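J.: One letter stands for each residue in the lines below.
2 protein chains.
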Amino acid sequence: MKKRYLIAPGPTPVPIEVLSEGIIDIPHHRSEEFVQFAGEVFEKLKYLFQTKNKVFTFASSGTGAMESAVSNLLSPGDKAIVLVSGKFGERWNEICQAFNVETVVLESEWGDTVPLERIEKAIDENPDAKVLLTTHSETSTGTVIDLKAIGEMTKDKDIVLVTDAISSLLAQELRMDEWNIDVVVSASQKGVMLPPGLGFITMNEKAWNLVENSSSPRYYFDLRTYAKKYPESPYTPAINLIFQLKKAVEMIEEEGIEKIWERHRILADAVRAGVRSLKLELLSKKPGNVCTAVKVPNGVDGLEFVRRLRRKYGVTVAGGQGKLKGKIFRIAHLGYMGSFDVIIALSSVEMCLKEMGYDVDLGVSVKTAEEIFLKEGVV
Amino acid sequence: MKKRYLIAPGPTPVPIEVLSEGIIDIPHHRSEEFVQFAGEVFEKLKYLFQTKNKVFTFASSGTGAMESAVSNLLSPGDKAIVLVSGKFGERWNEICQAFNVETVVLESEWGDTVPLERIEKAIDENPDAKVLLTTHSETSTGTVIDLKAIGEMTKDKDIVLVTDAISSLLAQELRMDEWNIDVVVSASQKGVMLPPGLGFITMNEKAWNLVENSSSPRYYFDLRTYAKKYPESPYTPAINLIFQLKKAVEMIEEEGIEKIWERHRILADAVRAGVRSLKLELLSKKPGNVCTAVKVPNGVDGLEFVRRLRRKYGVTVAGGQGKLKGKIFRIAHLGYMGSFDVIIALSSVEMCLKEMGYDVDLGVSVKTAEEIFLKEGVV
Numbered sequence: 404m405k406k407r408y409l410i411a412p413g414p415t416p417v418p419i420e421v422l423s424e425g426i427i428d429i430p431h432h433r434s435e436e437f438v439q440f441a442g443e444v445f446e447k448l449k450y451l452f453q454t455k456n457k458v459f460t461f462a463s464s465g466t467g468a469m470e471s472a473v474s475n476l477l478s479p480g481d482k483a484i485v486l487v488s489g490k491f492g493e494r495w496n497e498i499c500q501a502f503n504v505e506t507v508v509l510e511s512e513w514g515d516t517v518p519l520e521r522i523e524k525a526i527d528e529n530p531d532a533k534v535l536l537t538t539h540s541e542t543s544t545g546t547v548i549d550l551k552a553i554g555e556m557t558k559d560k561d562i563v564l565v566t567d568a569i570s571s572l573l574a575q576e577l578r579m580d581e582w583n584i585d586v587v588v589s590a591s592q593k594g595v596m597l598p599p600g601l602g603f604i605t606m607n608e609k610a611w612n613l614v615e616n617s618s619s620p621r622y623y624f625d626l627r628t629y630a631k632k633y634p635e636s637p638y639t640p641a642i643n644l645i646f647q648l649k650k651a652v653e654m655i656e657e658e659g660i661e662k663i664w665e666r667h668r669i670l671a672d673a674v675r676a677g678v679r680s681l682k683l684e685l686l687s688k689k690p691g692n693v694c695t696a697v698k699v700p701n702g703v704d705g706l707e708f709v710r711r712l713r714r715k716y717g718v719t720v721a722g723g724q725g726k727l728k729g730k731i732f733r734i735a736h737l738g739y740m741g742s743f744d745v746i747i748a749l750s751s752v753e754m755c756l757k758e759m760g761y762d763v764d765l766g767v768s769v770k771t772a773e774e775i776f777l778k779e780g781v782v
Numbered sequence: 404m405k406k407r408y409l410i411a412p413g414p415t416p417v418p419i420e421v422l423s424e425g426i427i428d429i430p431h432h433r434s435e436e437f438v439q440f441a442g443e444v445f446e447k448l449k450y451l452f453q454t455k456n457k458v459f460t461f462a463s464s465g466t467g468a469m470e471s472a473v474s475n476l477l478s479p480g481d482k483a484i485v486l487v488s489g490k491f492g493e494r495w496n497e498i499c500q501a502f503n504v505e506t507v508v509l510e511s512e513w514g515d516t517v518p519l520e521r522i523e524k525a526i527d528e529n530p531d532a533k534v535l536l537t538t539h540s541e542t543s544t545g546t547v548i549d550l551k552a553i554g555e556m557t558k559d560k561d562i563v564l565v566t567d568a569i570s571s572l573l574a575q576e577l578r579m580d581e582w583n584i585d586v587v588v589s590a591s592q593k594g595v596m597l598p599p600g601l602g603f604i605t606m607n608e609k610a611w612n613l614v615e616n617s618s619s620p621r622y623y624f625d626l627r628t629y630a631k632k633y634p635e636s637p638y639t640p641a642i643n644l645i646f647q648l649k650k651a652v653e654m655i656e657e658e659g660i661e662k663i664w665e666r667h668r669i670l671a672d673a674v675r676a677g678v679r680s681l682k683l684e685l686l687s688k689k690p691g692n693v694c695t696a697v698k699v700p701n702g703v704d705g706l707e708f709v710r711r712l713r714r715k716y717g718v719t720v721a722g723g724q725g726k727l728k729g730k731i732f733r734i735a736h737l738g739y740m741g742s743f744d745v746i747i748a749l750s751s752v753e754m755c756l757k758e759m760g761y762d763v764d765l766g767v768s769v770k771t772a773e774e775i776f777l778k779e780g781v782v
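Line order of the protein sequences matches chains B and V. Each number in the working numbering corresponds to the 1-based position in the first sequence with 403 added. Each number in the working numbering corresponds to the 1-based position in the second sequence with 403 added.
Chain B extracted, bound-state conformation (with noise of 0.2 angstroms):
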């Protein structure tokens, strides 16, 4: 027997109340009662992305969304500028690649974001880029964007904002409308606390226009096909994971996103805090309160340790992706988490980096985000 604890960003726990929802006799999804169903939790989605706006539901992970928006707003040959600063930000760019897109690559180190002076430069001096692809929360590195101030700057320009919130949604403040953000992608597996399965995507009127006149080659993700439709879907629904859904929306509903975003804020603050405690250092510049990206020291097999802390401690931390593997290791606070989540990771690290060689004080980073509960908040 080993106790297992699930501290990656996505897939995140699932609340037993929520993973209990999908033990249902399966409706047919052409009912009316399920397509009624349905449509009221499709509305009650608008609170997580803080809009009005329409919100699409695919049977599908993340990438089939950011998929669904490269297709849906870009034709071939078109241009598109994307910020590239983890793994995240290059699967925009393969998307568009596949997709016959245009890229103009605006590129960072890994840890740091690109500069909003470089984003208004290039939008300025590509006058004919429709659509400017970001991602909120780069999970690669564990670092955000100010998607705030990039809304700003381009609510008054011809260009499409797109926004990856895949690991950001309910962890990191969003709000699609007042912040001029004109499409939204995120997915099921991370605040939003489901199982993998789902993927989202809302968009508004000015990005609507550019959904029309499309010619991407597209089917399945053709949001035509779903607005035409909504709320029933054009294909088979993953029917049990949207009343999932419904009883995950109704958590949220209850604890208020307000709420849960400070949530994660503390816990981020607990970790980083924690983390900084045993003298390790973070690769973000701007980290963000989804995950918390930490070089592995020197002297420390950064492969070795997350496997250990997996099959030793049952604590599944996320390594690095890309060009950072085996040079960082990621603590998620994102979802169904709360206080002791972060004691739990905190004291696996500190044991498991102890008997790894490195120089542990036993208890000291545990020490540390206690003192910042009590007195931020035991959440």
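Think of the hints as simulated: they come from the structure by calculation, not from any bench. Among the hints, erroneous ones may be present.
On the chain V side, residues computed to face chain B include the following (Cβ under 7 angstroms) [claimed, not checked]:
hint	residue
1	Leu409
2	Ile426
3	Glu658
4	Arg711
5	Arg714
6	Tyr716
7	Thr719
8	Ile746
9	Leu765
10	Val769
11	Lys770
12	Leu777
This one's a predicted model, so the numbers in the text were calculated from it and none came from an experiment. Quick reminder that beta carbons are idealized off the backbone N, C-alpha and C, glycines included.
Using the hints, position chain V against chain B.
T.: Chain V only, in chain B's frame:
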């Protein structure tokens, strides 16, 4: 949202793999398939008790199984010797009184045990006493008796040794046959990692002779009926719990009973050392591996402490019962628990005591526990 941690000595956490086995199309309990299935599950229970005797399963709580011991072994006017060192020793006495059984009560201070010599003396002085009623783990004080020594002492005497192993089963070494324990009762919601609802009783030939001769009024718990029908249940069994029991017993077999005892020993050691490092005092003079009873320090309101742990921290420990109400709190290390349950318990106790004015070095008990886990094993 507040994650909840059940760190009380029953009910204990149930693994989701066990819970999910209750989601079944309920078979009829008289069907050949179900009777065979239940028989196979009941057969596996022998391993938990380390016995070759049949284990009978009631749809009842543990108290039901205790009543079945008394009503099946004793007749009105019969005499029993009862060890009373806490609330559950008292319960044996109360059940005897309800069935008009005369009792010789051997009491000790709560937190201590009745010395072996006193027990032997009482047996010798009361040659008409048919049964010795014991509590293997006195959950109200976190104390264990030396059951092996008692069995060694009673094996050649004309008295039937009964033990309440409701909280001790799997947490504390217990070898029914090897130790000459004549009757063992237990229940599902503790070490067995099941929801509440099943009571167990098992007895050897020596005890069974009393069953045949008892004239106590009994029906639901009449073991003669269960023995005749076995493995079929005379009355409707808790079908879904028996499906869950199968999974739980398989998990127990897979881990191995010696390893399970050892896991509980390590968890208990870590809690005891952690609590002491906070300069708190244990109640028990013979603390066991089921739960640790800790004296509430001067100046702290014990009832408010337990309430605040639950409400603010989401951590449910047990308070004191009976004469210990408000004076102790009890941290369980029982059933589906591992190292990080101990870390959560200690971390929450540290923070809660600190905010209630007790002088705590935050992190110190977590550090103490971590040291034990690094030395003895992360479990």
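J.: Against which earlier hints does the structure fall short, listed by number upward?
T.: Hint check: 1, 4, 5, 7 fail, others pass.
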